[in-house]
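Single-letter residue listing:
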Amino acid sequence: MDNLLLMMAPLFSSKLILVLLFGTLFGLVLGVLPGLGPTTGGALILPFTMTLDPLSAVILLTSIYCAGTYGGAITAVLINTPGTPAAAATCLDGYPLAQKGEAGRALGMATVSSTVGGVFSVVILVFFAPVLAKLAYEFGQPEYFALAIFGLTMLASIGEGSPIKNLIAGAFGILISTIGKDFMTSIDRFTYGINELSVGIGFIPVVVGLFAISEMLTQSTLLHQVFRRVALKAIKLPTLLDYKLTWKTILRSSGIGSFIGVLPAEGGTVASLIGYSEAKRWSKTPEKFGKGSIEGIAGAEAANNAATGGAMVPTLALGIPGSATTAVILTGLIIHGVRPGPDLFREQPDFLYGIFGAMLIANILFFIFGFFGAKIFARITLVPNKILWPMIFTVSVCGTYSLSQSILDVWIMLLFGVIGFFMRRYHFSVVPVIIGLILGELVEGTLRQSLVIFDGNWLMFLTRPIALTFFILSLIALCFPLLKRKK
Amino acid sequence: MNNVQNKKRANKSLPFFFKDEFKVFFIIILVSIILLISTFTFDIVPPILNRGIQPATFPKGLLVLIITLTSVIYYLSFKKPWKKEKKLPKNFFLTILSFIFFIIISKSLDFFLAISVLSVFVSYNWGEKRIFYLLLVGIIFPLIVFIFFEMILGLRFPPGIITNLYYY
Chain A
1 MDNLLLMMAP LFSSKLILVL LFGTLFGLVL GVLPGLGPTT GGALILPFTM
51 TLDPLSAVIL LTSIYCAGTY GGAITAVLIN TPGTPAAAAT CLDGYPLAQK
101 GEAGRALGMA TVSSTVGGVF SVVILVFFAP VLAKLAYEFG QPEYFALAIF
151 GLTMLASIGE GSPIKNLIAG AFGILISTIG KDFMTSIDRF TYGINELSVG
201 IGFIPVVVGL FAISEMLTQS TLLHQVFRRV ALKAIKLPTL LDYKLTWKTI
251 LRSSGIGSFI GVLPAEGGTV ASLIGYSEAK RWSKTPEKFG KGSIEGIAGA
301 EAANNAATGG AMVPTLALGI PGSATTAVIL TGLIIHGVRP GPDLFREQPD
351 FLYGIFGAML IANILFFIFG FFGAKIFARI TLVPNKILWP MIFTVSVCGT
401 YSLSQSILDV WIMLLFGVIG FFMRRYHFSV VPVIIGLILG ELVEGTLRQS
451 LVIFDGNWLM FLTRPIALTF FILSLIALCF PLLKRKK
Chain B
1 MNNVQNKKRA NKSLPFFFKD EFKVFFIIIL VSIILLISTF TFDIVPPILN
51 RGIQPATFPK GLLVLIITLT SVIYYLSFKK PWKKEKKLPK NFFLTILSFI
101 FFIIISKSLD FFLAISVLSV FVSYNWGEKR IFYLLLVGII FPLIVFIFFE
151 MILGLRFPPG IITNLYYY
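Chains as they are written, first to last, in this note's numbering: chain A, 1 to 487; chain B, 1 to 168.
Since no wrong hints were added, every one of them can be taken at face value.
Here are the simulated lysine to aspartate or glutamate pairs, EDC-like style, with alpha carbons at most 20 Å apart:
1) B:107 <-> A:196
2) A:233 <-> A:102
3) A:244 <-> A:102
4) B:60 <-> A:188
5) B:60 <-> A:441
6) B:60 <-> A:182
7) B:19 <-> B:85
8) A:181 <-> A:196
9) B:60 <-> B:43
10) B:23 <-> B:85
11) A:181 <-> A:441
12) A:15 <-> A:53
13) A:181 <-> B:43
14) A:134 <-> A:343
15) B:84 <-> B:20
Stretch-level coverage of chain B by chain A, calculated; a stretch enters the list once three of its residues show a Cβ under 8 Å from a Cβ in chain A:
16) 131–138
17) 147–156
Everything labelled a hint here was simulated from the structure, so no lab data went into it. Think of the CB as a built atom: it goes at the ideal place given N, C-alpha and C, for glycine as much as any other residue.
Hey, can you work out the whole structure from these sequences and the hints?
Quick look at the structure:
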């Protein structure tokens, strides 16, 4: 009961309500614009959160996360281009349905299933995160090391694209985290005499570079692309028949999305693809999929929004991000002096339940905004790239500079923009780099501290049951893609 | 379908050093080897102070892992060649050029001048010819952002010929 009251706290603060409204609207705009999304948007807005208190800052980021994930569906349905990668599966049936003159019905179903998926995942978050946090009290350095390794191997096995390329990208992310002074011995690594590099490479220049600047370069190669837009008159709430057809799909996809979200991987994108394919597998009319099936939209959208709450579970309970956007949220927490983990649940329950409540409200808010404002949000896609991207560049540069007031950070951002562009061009996902970068310190720190505890004996890892379980799971995760290929 | 097959065939007929998979393999391996060599220049902790592993060991392990995995994807590309990517258009190179201009101008003249020049340059090259919109992206918007960062976040931007006019 107390926790429920704590969850409702954001409703009683005008400041938090304003933050939620702004975050939801901004998230929707980011979601609608192809190439942007909650990860880039979160990274861009992070410097601005410095003017806010920690709870407001995290609520802003989480509301952007929830609304941004849904916003991608609007573009997916109307112009057959996913606003966010997580909406890719929505294009498959959303656009064909829109072409049949049922854009309003398609968006109505996307809005309802996204909201149900989002709310379902918040319930999972409320019940599951404290349990996981309690379990984390049993974790020592070796267990955290094994858990981080498990997170990285999950990226390889259920991430998008080639597992080996994902592993290379993850290792690259960890390598970036080793730049600067070694935390145990203060010995410089990869600094090449540049003083600013002694403190390491910041998270924001890398994220903004890999997401925003690399997308700007990608857009420079797509200038002649023509979008065929479907007109939207108004969103229609699903009919009783639609609900009858899809309620099982929505619930199943909400479960799938929440589960996939909890696993440290690419969250929404993978969840929506699995949600979509499961919807097709269980459907009585699988032949309609790809031609405008309402079940296809429900399956994909419920799953990708359900992944948002799921991804927050390991982020808050263990300090291990469940997706690229939660890596940005984790950075936001750290910047504001909040250390996620089991102690947070014991010491600051009001803070945590405030976040849970805000996520719940954000899911309801994007339903209202989406339902009444989809037509307006759809118009945002009319802003031409030749005006939009130079503006995004200006915000990216100023935002990156503002965090440590270092011009080197801006150059690093540009460098990672170019690296990110070529990574995407050759089908290396950039998400493992971000997860690797944020987990890097944890991986190396816990490994070295464990070796100190074990007196340099690597075999001692195998004497710890929890660590051993995570290693076995990591091995299974690594073998999974091979088995899948053989099948 | 035919187009894809033609592209694949075209990629197969190229000498190996022109193929995308070789270029990617070569660049990753080259950079990794250079970094690996540089790890041997890291200071070594005396054995009496060293508990666990040396500071260079972990990055060395990562680089060896990257080299090994890159070799595996190159080996696999013999069995399943990569699809040849489209040639990069002129606008891509002009955008990269604008980044270089940005670095030079921000270092030597002014941070905000560099932002304005890049914004106008990119917008113009991407097809925007209307003066108002060029002014919007090159002057009005950066000015709004500057004022916002300066007033609300209390941020001080690096000195330069234009920024100094505001600060002094």
